[in-house]
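Student: One-letter residues, chain by chain:
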Amino acid sequence: MATAFYFDMTACIGCKACQMACKDKNNLPLGILYRTVQSYEVGEYPMPGVYHTSLTCNHCAEPACVAKCPTGAMYKTEEGPVLHDDDLCIGCQMCVNTCPYGVPKYLEDKKITGKCDTCIGIRKDGGLPQCVAACPMRALDFGTVEEILERHPDAVGMDTMPFMPESDTRPMTFVSPKTIVSADAVEKFF
Amino acid sequence: MHMIEEIAKAKISRRDFLKGTVAATAAMAGLSMAGRGENALKAHAESVAPVEHAEITDIQSQGKWVTGSCWHNCGGRCLNKVLVVDGTVIRQKTDDTHEDSPDFPQQRACVRGRSQRQHVLSPDRLKYPMKRKNWNPGDGEKHPELRGMDEWERLSWDEAIEICADEIHRIVQKYGNQNILIPYGGECQMVLSKMGGYRSCWGTNSRGAYTSTPGKVGFWPQSNEGINDRIELRKSDVIILHGCNPAWSSAGNPAYHLLQIKKHNPNAKFISIDPLYNDSAALVEAEWIPIRPSTDMAFLLGLAYTVYKLDEAGEGLMDWDYLNTRTLGFDQEHMPTDAEEGAHSFKEYLLGELDGQPKDASWASEICGVPVEKFEYLARLLSKENKVAYLTAWAQARTHNADNLPQMHMTLGAMTGHFGKSGHCWGVSAHSRNINGGYYLCGSGGAGNPSAQNPLPNPTINDTECWEACKKGVAIHNSYGAPGVEVPIDLKMVYWGYTAFLNTREGTSAGIEVLRSMPEFVLSHSMFRTTNAKYSDIVLPVTTPWEKAGSFLQGNREALIMATKVIEPIYEAKNDQEIANLICAKIFEKYGEFYPELTADPVYPLTEEQQFMNSACGCWYLDENHEKKTLISITAEQKAAYGVEGEDQEGIITFDEFMEKGLFQIPRADGDAYGYIAWQDYREDVNNNAAKGNSASGMMEIYSQGLKDMVNAMKFSTIEAYPTWIEQEDGYFGTFADRKLGGEKGEFPLQIYNPHYLRRSHSDFDNVGWLREAWPNPVFLSKTDADAAGIMDGDTVQITSPHGSVLRNACVTGRLMPGVVGLPHGSWSDMDEKLGVDRGGTDNIICGGISTGAGVSGWNTGRCNIKKFTEYQLPADVDRSDMQERILFE
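Line by line, the protein sequences give chains A and B. Residue 29 in my numbering is what sits at position 29 of the first sequence, and the numbering runs on without skipping anything. My numbering runs 1000 ahead of the 1-based position in the second sequence.
Any given hint might turn out to be false.
Stretch-level coverage of chain B by chain A, calculated; a stretch enters the list once three of its residues show a Cβ under 8 angstroms from a Cβ in chain A [as the list claims (entries may be wrong)]:
| id | stretch |
| --- | --- |
| 1 | 1104–1110 |
| 2 | 1208–1215 |
| 3 | 1255–1268 |
| 4 | 1400–1408 |
| 5 | 1804–1816 |
Below, in silico cross-link-like pairs of lysine to any residue (SDA-like), each with a Cα-Cα straight-line distance of 25 angstroms or less [said to hold, decoys possible]:
| id | chain 1 | residue 1 | chain 2 | residue 2 |
| --- | --- | --- | --- | --- |
| 6 | A | K188 | B | G1790 |
| 7 | B | K1263 | A | R151 |
| 8 | B | K1263 | A | D141 |
| 9 | B | K1263 | A | H152 |
| 10 | A | K124 | B | D1795 |
| 11 | A | K110 | B | G1790 |
| 12 | B | K1661 | B | T1564 |
| 13 | B | K1783 | A | G43 |
| 14 | A | K188 | B | T1564 |
| 15 | B | K1783 | A | E44 |
| 16 | A | K124 | B | V1084 |
| 17 | A | K124 | B | E1660 |
| 18 | B | K1783 | A | D141 |
| 19 | B | K1269 | A | P177 |
| 20 | B | K1868 | A | V186 |
Keep in mind the hints are simulated off the structure, nothing from the lab. Just so you know, even glycine gets a beta-carbon here, dropped at the ideal spot from N, CA and C.
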């Protein structure tokens, strides 16, 4: 079984409500985000294009962070999410350094790492990951891979996107990309 | 209660609720601290089996979700719920009260709403009454020159109230009420209204020229009902977004509603006419037509001319029946009866019969920058045969000399007949009605509070004139169209209420200059050390709506939110009303004989609970027959619990259920009883008085004597009775050395405008670190202009206008029209006193007090120059020192 996040780039306006809802749910200090919205510009005036990404942990099928974690703090669940046990974490940052997507963050104040847990506690109460529940554009979704592909038949693996680094960790994130996505795009801070 | 500790507690509690079961797994794998290293890693990778997470639970079962107000003036009103565990605010969530669908959407909060807890519980909330160190009451030294730079001393409430009462009395008696300024703010006004009055301000704020013009020309109520509702909008085939960007200007659901038009009608044509290729345009893959700010009148005239000429050539673009029967003043055959002698019609002006200049595409193009060939293209898209939704907004009317702009939109809409038919509309899509026009389907009752009645004759000053008038010593009283009367002012006291006036009205630089020289006493109610508070002498900390009994909030037409108290007031903050009561009581006690209007009774007699219940009792909804019905079932006992007398009342949702959900929302669907087509009744029956606008004739007046007479009597600048292009002092012409188009550029060669920005709702939220982190607030520069000035992405830029100078880091983008600079609206001023530049990038340092027409604030008419700033690199706002400087008294 595998779970996955889905991102509809064609509906995203880059508002960062998901990023903020995530930060709020996880109560993260300044400088730390578990979900990050980035903006990219392509083309030139008067024919510019803009698209946004909203990325968090890809809850990979073969997570490098889990493989490298020396204490078992980072672990893969049967359901799919990669979780992190704060009590086992020794703050060695192996996961931070090994994740090809830069997902785990080192929390200076707690001397441990942390990352997206798919809001697993909320989901067990019947809720949605807070980023999904937050999106004013309804551009985010979460479910089993089968559910995601059924609800979004045009979705492709996020790892096909040029802004994603090469890796062999089999990220479980899907996207409906904009046609203007390009390797030549420039990241912008609007 | 200490909010900082609360936040810390929340962090600790997270660890508690994230505790899992994997400790056992790790022990089984034989791992320990000593097991680090390659071997241990390998062993771990091989031994870690997938584990269940049955024991991971969420903390929400231990707490209570309370609806926390999101009260800011953004036009949205979304559902914000707050998880409170043992009195500690843990986190937020948004609407999950019903299944989400495009027709019946959840009222999901925006990026700002999601950080509301960071705002209310911010470490820079003001904790105690405080006094500026070098300011002394009575005859003591005032040192006005130190305003904004002085240190603060903590006061007790008793001391603060006594000082305020003494100073207000002293200044009223010594200098007179006419020299006390309370720009806005009901509670402060209530105090002075009982003591002989005060000067207040008036202005056009968000609506710009849509404040006064629509009512005169018969294009009213434009702000509420100017466009079709969101479900009807899906039936349009051509959607023009002219300066309309819900993605940034109306966070919440409006951009989602815009997307539904595209989803329902994949072949719909979207056009965006805007200086910026904005995110709403990108969302619907609109064709972008860049336009210079503050030149929309010229653009629309050129378009009207082109429509007329193509129609004349036989293309049948115009709806002559609508124009001839529903409007007055297009041509001499249809002039209104009140037109002055020798009056000209709009058509004569349009065709150039009056000034020899036809308002054709090449004339318009030179001014507005829209290529000539786009005019015929757009004119044909606007054909009466096409289902056109022409969605404009207020930004282009927040410009100088814009009084006829709403009338121009009305004129072109009438020429092409896009009023009152399914799939057609032409009007304002903004604020609470963005991509969803129509009358309210529900609402709340009044709180029952008295309102301040200002006994001072001719008391008001227009916002645009305020600081310059103070400097000159004379203002023009002409509020909302009153004939201008000159009134003297010698500013001796300023009392700041609920507006961020110094930061959000033109001429912040002039305002600081006035505050550093003229008044003897500046008093502020404030939640934070805002720009108003910073330049004050006494600051009184006030509560936020999260600390009050409850309230009702409404943005879009379908939803009503009931917010309730989340936390007790922090530190010593008090309700604004209580402060007014305390000051009035003290003045009555000490100086009662001077003020017969003051009595021993509190000026605000109702408790917060009573006000909340009064509003609840009056809540209403429209049933399917459009009859206004009582919304909430409330028992007499429930009313009594809130201190309100009354009998049981019957509605369709109980008080308890509403409080628990926080939301009442009317489901919508195509073909239901709540669809709205703007101007439908007027199109169908021109004699239907109820459907008419409130122009003198009741018709749409393309020639409006009423508008001309009103504006010209206000004594700022003059207009014609029909739409004309008027050159603006700080507009595009002003970027040229001799104001001649195409000539040499002058000292301020670029135009500058103030797009709304998702970090803030106006100036609210600018102190929230999480939002500063999310939205960096750069200055937007086109690549062409940045290259010419040698500016790269991220460089610190000094932006200078005739009115002041600010710093921002550059975002160099191909999304902005060359020649135009975009400075986001609402950032808090943070003056570098040494260099005289504002590190905060405050838009109103750049915008100056220029008063035109009907007193319209012209924030989008501006000019500037840019240069790379080399004194220092401006830190990111989230790292700027003002974040710490605002934290006063730990």
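Student: Taking the hints in turn, state whether each one holds.
Tutor: Results of checking the hints against the structure:
no., hint, result
1, 1104–1110, "holds (count 3)"
2, 1208–1215, "violated (count 0)"
3, 1255–1268, "holds (count 3)"
4, 1400–1408, "violated (count 0)"
5, 1804–1816, "holds (count 5)"
6, A/K188 with B/G1790, "holds (18 angstroms)"
7, B/K1263 with A/R151, "holds (16 angstroms)"
8, B/K1263 with A/D141, "holds (18 angstroms)"
9, B/K1263 with A/H152, "holds (15 angstroms)"
10, A/K124 with B/D1795, "violated (47 angstroms)"
11, A/K110 with B/G1790, "violated (44 angstroms)"
12, B/K1661 with B/T1564, "holds (11 angstroms)"
13, B/K1783 with A/G43, "holds (12 angstroms)"
14, A/K188 with B/T1564, "violated (40 angstroms)"
15, B/K1783 with A/E44, "holds (9 angstroms)"
16, A/K124 with B/V1084, "holds (20 angstroms)"
17, A/K124 with B/E1660, "holds (22 angstroms)"
18, B/K1783 with A/D141, "violated (36 angstroms)"
19, B/K1269 with A/P177, "holds (21 angstroms)"
20, B/K1868 with A/V186, "holds (22 angstroms)"
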